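Asks: Spelled out from the first residue to the last, the chains are:
Number of protein chains: 2
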Amino acid sequence: MDSSKVKVVVDAMGGDYAPLNVIKGAFEALKLKSKQLELILVGNENKIIEELKRNNIDKNLFSIIDAPDTITMHDSATSAIKSKQNSSIVVGINLLKEKKADAFISAGNTGAVMTAATLILGRLKGISRPTIGATLPSQKGSVLLVDAGANVECKPNFLYEFAIMSSIFVENTQNIKNPSIGLLSIGEEKSKGNNLILETNALMRNSNLNFVGNVEGSDIFGGKCDVVICDGYTGNILLKFAEGFLPLLKNTIRNYSSKSIFHKLWSGLIAITLKKLLKKYDYQEHGGVPLLGVNGTVIIGHGKSTPKAIKNMIFAGVEMYKKDINKKIEDKIIENQNQKLK
Amino acid sequence: MDSSKVKVVVDAMGGDYAPLNVIKGAFEALKLKSKQLELILVGNENKIIEELKRNNIDKNLFSIIDAPDTITMHDSATSAIKSKQNSSIVVGINLLKEKKADAFISAGNTGAVMTAATLILGRLKGISRPTIGATLPSQKGSVLLVDAGANVECKPNFLYEFAIMSSIFVENTQNIKNPSIGLLSIGEEKSKGNNLILETNALMRNSNLNFVGNVEGSDIFGGKCDVVICDGYTGNILLKFAEGFLPLLKNTIRNYSSKSIFHKLWSGLIAITLKKLLKKYDYQEHGGVPLLGVNGTVIIGHGKSTPKAIKNMIFAGVEMYKKDINKKIEDKIIENQNQKLK
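One line per chain: the protein sequences are L and E, in this order. So the number in this note's numbering is just where the residue sits in the first sequence, counting from 1, plus 1306. So the number in this note's numbering is just where the residue sits in the second sequence, counting from 1, plus 1306.
The hints are simulated quantities; they were obtained by calculation from the structure and are not laboratory data. In this text the structure is predicted, and so the values were computed from the model without any measurement. There's no promise every hint is true.
Since the list gives no way to pick one copy over another, a pair counts as held whenever it fits inside one copy or between any two copies.
Said to hold, decoys possible - Lysine to aspartate or glutamate pairs mimicking EDC-like chemistry, simulated, CA-CA at most 20 Å apart:
#1 Lys1461 to Glu1505
#2 Lys1431 to Glu1641
#3 Lys1406 to Glu1344
#4 Lys1496 to Asp1381
#5 Lys1633 to Glu1477
#6 Lys1498 to Asp1381
#7 Lys1634 to Asp1375
#8 Lys1629 to Asp1372
#9 Lys1530 to Glu1404
#10 Lys1581 to Glu1404
Turn these sequences into a full structure, and let the hints guide you.
Replies: This is the structure we're talking about:
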């Protein structure tokens, strides 16, 4: 192993189109950055080698580690982690734990990756709960919504820690100095919101975060801030709600088009243009999100990840590792604690 | 007063374009249903008469009751109710209390209407908290989202009562027999959700509601059920989030159109067609939502209500009153209590 290279463990069995899409994406990443990158494919070795052969990819480009157990999208996270110790997720994250690799990427069962990473790697100092965010388009470009569903029941300090982690992450990966943080509520005034929000607002106001205060639902797409913080129940519902909008729009266009040939032609053209316009909102372009708060670099992707998304996830893992984001998060937590003691 | 007519009190000062839009809408309603309808305009009498004159509307078509105090959109609900006893909202709702009118409609300060109605009229038997819903488009046609922001902090029995009220309301106004009710959560399984949802799911499962179980964010537009129940924090954020989508889409189209003359033309045409298509999602078409759970018929509208929306709100008030929805809600609550005692 070349120690100057970043070693990324790739969950070859993760996602709906694994191992095909994963292998293709890994190959793409390697072609672009072979000098900086070393890839370890973890999963069912026979299937991986078979798929590499079928796609005429030299197996010697990768390290391959056999992990025959399979955790499916439907497995319960906690029990799968215990009963399937030889799964790509558990074996892969153990490589991080043992310092044999620098980052782990997976498009597999999100809950299982999160549970395994938390149990095996542990949490960063000062972090109560690891979290996952989601990148959404906004009038300003993009916005990171955190938590996207990892923590359904939250306490004020959880949300506060999510904000610190998100701030560091966005500052280091999007090149935004001191990103603006909003707390999702039903009105801008600090008196507006449920009990969780009222208490969290007070915590954030007294921090050294660039806190813009409460923001409303319309401010997410509106681009009022770089990061929007909420509990995972709200975050998950918002993300799935947004996913339902385009199908509804398509359905409306379809109904409109059934009226006449002219309508059909016209709405067909609109649908094509919309698709093109909306491409930038495609999660496949973003290539995964970090699992923030665990003691290691873990990137999680959508189950339907394309090779391009896998490639981008690998690059995201490299960037997060190289920029030492976890160390910076721990430093920021300590800095905020010290500020409060003053 | 003709006792066979439904007497509707109209808050002439409610909304961003009051009294103009309110008066125009009231006049429209009266033109269409003069035999069934008697309208009482409440507000600053001078302004009302002036506006009627300016629009060539005969003032003798209406009863006019002077209420010179003004509650603005920015007033705090509770203190405004106390300090502005001669406001259109307080005076109007008192007419309901004194049985001098059958329904009250307002496009004014929602919080103030809700607080005044709850304090003056009281709650229906068996109802802990009045609620407000919002109608959204769905693949199926439409869906009622309840609570839309009235109750930010909820208990399981609140949500359960919202479901009973919504079921009766939709059954009687949309002609849907035994409407299907979904509980908004992060997964369909009854084990998915925060503590509030887990407890509410159990209550609903054991009721005689047509409960389809937990539904996800994508099921709202997806049309999986007729009513979606959630707490008011979540409901408010979802509604405002949805409002932000079209501006984002417009912005995307605008950026696209700056590329060339052809793009400009093309995206202009798309924007026009989209506007037409999306008209059915316009809140102005729906004409307000009922305040469910107070002992009286109260319809609340958007601050930007058009004359058409005001007209529809008046008709909604008439329908709700005529169908005796509040009595039916009380009966259904008792029916569910008896079922549990069995």
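Asks: If a hint holds in the structure, say so; if it doesn't, say that too.
Replies: Against the structure, the hints:
1. Taking the shortest alpha-carbon separations for Lys1461 and Glu1505, both the intra-copy value of 9 Å and the inter-copy value of 19 Å come in at or below 20 Å.
2. Proximity of Lys1431 and Glu1641 under a CA criterion of 20 Å is satisfied intra-copy only: 12 Å inside one chain copy versus 54 Å between copies.
3. Only within a single protomer do Lys1406 and Glu1344 lie at most 20 Å apart by alpha-carbon distance; the minimum there is 11 Å, versus 81 Å between protomers.
4. Taking identical chains as interchangeable, the C-alpha atoms of Lys1496 and Asp1381 lie at most 20 Å apart only when they sit on different chains, with a minimum of 16 Å there against 41 Å within one chain.
5. Taking the closest pair of Cα atoms, Lys1633 and Glu1477 come within 20 Å of each other only inside a single copy of the chain (14 Å); across copies the shortest separation is 57 Å, beyond that limit.
6. For the homomeric pair Lys1498 and Asp1381, the shortest alpha-carbon distance between copies (14 Å) is at most 20 Å, but the shortest distance inside one copy (39 Å) is not.
7. In the homo-oligomer, the alpha carbons of Lys1634 and Asp1375 never lie at most 20 Å apart, since the shortest distance is 35 Å inside one protomer and 56 Å across protomers.
8. In the homo-oligomer, the alpha carbons of Lys1629 and Asp1372 never lie at most 20 Å apart, since the shortest distance is 30 Å inside one protomer and 68 Å across protomers.
9. For the homomeric pair Lys1530 and Glu1404, neither the shortest alpha-carbon distance inside one copy (42 Å) nor that between copies (47 Å) is at most 20 Å.
10. When the C-alpha separation of Lys1581 and Glu1404 is checked against a cutoff of 20 Å, the pair qualifies neither within a copy, at 44 Å, nor between copies, at 57 Å.
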